[in-house]
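**Q** These are the residues of each chain, in order.
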Amino acid sequence: MKTLEDLKNFYETALMPDLKVIEQQRRSVVHKVAWVVIATVSIAAVAFFVAAQSLHEAGPVVIFPIIVGLLIGAGVCYLLTRGYVADFKALVIERIVHFIDENLSYEPKRCIDKSTFMLSKIFTTKPNRYKGDDFVSGKVGATEIQFSELNAVYESGSGRNRHRYTVFRGIFFVGDFNKHFTGQTIVLPDTAEKLFGRLGQKLQSLNIFRGNLIKLEDPEFESHFAVYGSDQVEARYILSTSLMARITDFKEKTGKKIYLSFIGSMVFVAVPYTRDLFEPRLFKTLLDFEPVRQYFDDLQLAVGIIDDLNLNTRIWSKE
Amino acid sequence: MWIAVGIGVAVPVVVVIIIYNGLIARKNQVAKVFGTIDALLKKRYDLIPQLVATVKAYMQHERSLLTEITEARAKAVSGRLSDDQQVELDNIVSKTLGSIMVAVENYPDLKANQNFMHLQRTMNEIEEQISAARRAYNAAVEAFNNAVEMFPTNIVASMMGYKTKSFFEIAAEQRENVNADKLLKS
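Taken in order, these protein sequences are the chains called A and B.
The working numbering puts the first residue of the first sequence at 29, with every later residue one more than the last.
The working numbering puts the first residue of the second sequence at 1420, with every later residue one more than the last.
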């Protein structure tokens, strides 16, 4: 486990030269973008005045090129930044991933498969707009893991009736669990119990689409989560007293509503985020330690799930 | 008016049916989990001869422990015991197994033996599954007892002659922490 001190050393010795190179690139991109914006806006302004003069005849005919011009300007800005983002990820994020653990590999454009996402049965709505990036995979100790950022959305209707429902946005983690099991156990954030107590539990047990409600003994765990599973004994075999305590601690560490499921001898963890992770800043210098620390913290949170859930303890029949 | 009478009769009947079925379901859940515990205990008993055979050659000084556990196992699988006797025997087996596992610490050759390591993992797994099954049993008993004691299900329960069941509890002597020092020196 790398500490903040280790990170600082890494940042100062190994990362800084690359950061300086990327910083140059960032500055040049910012300049170019600034020029493109100024140019596009000036041309649009001039064209607008010209149109204003000849208002009656050619109004719409002149507006159209202005809009096209603005779009071209936006397109050029996008192309300029895209190269910068790709280089940043290859240089900086990849280095931080390897720093955390050499056995991990990083693919910036890839994400967890939609089939894997649905396999976890955490989210029952099938998203029709599914994308993600920053895919990390590898074997840490005895545990194979994969995780990436995901943005899964369900859009319905069209035109004015369009509804956008975010199924999940954040980090989605898949890991090899340390026990063999055959059924499914799903751990969801618990809202009903917090609000309604026993009545809430009754409502939860009526949720027939989710399988049997499993009532566990750890009161703190129960206050945060509602567990559904195919088998009462197997759910308790997976969710030992120590694992329940670990999950509660991990949830408190993230400060978010996390979701877990245990299917096919694997564990799935979904940590929601409202911001985009691992994206480089455009308008602020890259040479600060702060953004590097943020990238490290976010990556470490995901990789740390292995230790937090004690997945490398292999004292049962699964090696 | 007849509709009102009809509803006045139908609604309580439906409620009673729901309560009755609920009680049966909870009773059956307790029995089902009890059956699971039984099956797991049998798996554990089946592993004991293998364990004894693997450690016998190494653990020269632990003859008494090994004999004890072989005898306990023979009694357990003979099937001629009452429920209470079964539980007591099971407790003895748990304690003896625990002692054997602690004593293994004295034999580094045995600890490194592949067969033994594999056996140890299998036993760990079964112990954990037994513990999970016992927790599930207690949960099922709690649900059943709640229905038997709380209003209004207790009315139907007493008509059916259902009594509360007892939870699975660890025997008092097992609750004393294993004195590892004493065991390692013996």
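Keep in mind that the hints are not guaranteed to be accurate.
Lysine-lysine pairs mimicking BS3-like chemistry, simulated, CA-CA at most 25 Å apart [claimed, not checked]:
no., chain 1, residue 1, chain 2, residue 2
1, B, K1582, B, K1451
2, B, K1494, A, K346
3, A, K167, A, K154
4, A, K36, A, K243
5, B, K1530, B, K1446
6, A, K346, A, K149
7, A, K312, A, K281
8, B, K1514, B, K1494
9, B, K1530, B, K1494
10, A, K243, A, K30
11, A, K137, A, K312
12, A, K243, B, K1494
13, A, K346, B, K1584
14, A, K36, A, K159
15, B, K1514, A, K243
16, A, K312, A, K285
17, B, K1530, A, K243
18, A, K167, A, K281
19, B, K1446, A, K346
20, A, K117, A, K149
21, B, K1582, A, K243
Now the in silico label distances, taken between C-beta atoms and shown as ranges [as the list claims (entries may be wrong)]:
no., chain 1, residue 1, chain 2, residue 2, range
22, B, D1465, A, E33, 31 to 39 Å
23, A, S270, B, L1500, 30 to 38 Å
24, B, R1482, A, S293, 53 to 61 Å
25, A, S270, B, V1434, 40 to 48 Å
26, A, T194, B, V1496, 36 to 44 Å
27, A, Y182, B, G1425, 19 to 27 Å
Okay, the calculated bits of chain A under chain B, using three or more residues with CB under 8 Å as the criterion [said to hold, decoys possible]:
no., stretch
28, 250-262
29, 337-346
Since the hints were derived computationally from the structure, they do not count as laboratory data.
Just so you know, even glycine gets a beta-carbon here, dropped at the ideal spot from N, CA and C.
**Q** Is 40 to 48 Å a correct range for the gap between the Cβ atoms of S270/A and V1434/B?
**A** 42 Å, holds
**Q** So does R1482/B sit 53 to 61 Å from S293/A, Cβ to Cβ?
**A** 40 Å, violated
**Q** The hint says 30 to 38 Å between S270/A and L1500/B; measuring C-beta to C-beta, is that right?
**A** Given a distance of about 33 Å, which is inside 30 to 38 Å, the answer is holds.
**Q** Under the criterion that the straight-line Cα-Cα distance not exceed 25 Å, is the pair K346/A, K149/A satisfied?
**A** Roughly 23 Å separates the two Cα atoms, so the pair holds.
**Q** Is it true that the CA of K1530/B sits at most 25 Å from the CA of K1494/B?
**A** 29 Å, violated
**Q** Can the stretch 337-346 of chain A be counted as covered by chain B under the rule of three residues or more with Cβ-Cβ separation shorter than 8 Å?
**A** Coverage by chain B holds for the stretch 337-346 of chain A (3 residues, Cβ < 8 Å).
**Q** With the threshold set at 25 Å, check whether the alpha-carbon distance from K167/A to K281/A stays at or below it.
**A** Holds - the C-alpha atoms of K281/A and K167/A are around 23 Å apart, at most 25 Å.
**Q** Does K1584/B lie within 25 Å of K346/A when you go C-alpha to C-alpha?
**A** Violated. K346/A to K1584/B sits at ~36 Å, over the 25 Å cutoff.
**Q** Check the hint pairing K1514/B with K1494/B against an upper bound of 25 Å on the C-alpha distance.
**A** Within the cut-off at roughly 16 Å; holds.
**Q** Given the hinted pair K243/A and K1494/B, is their alpha-carbon gap at most 25 Å?
**A** 36 Å, violated
**Q** Does K36/A pair with K159/A here, judged by a C-alpha cut-off of 25 Å?
**A** 33 Å, violated
**Q** Below or equal to 25 Å on CA atoms is what counts here, so check K312/A against K281/A.
**A** 29 Å, violated
Violated hints, listed in ascending order, are 2, 3, 4, 5, 7, 9, 10, 12, 13, 14, 15, 16, 17, 19, 20, 22, 24, 26 and 27; each of the other numbered hints is respected by the structure.
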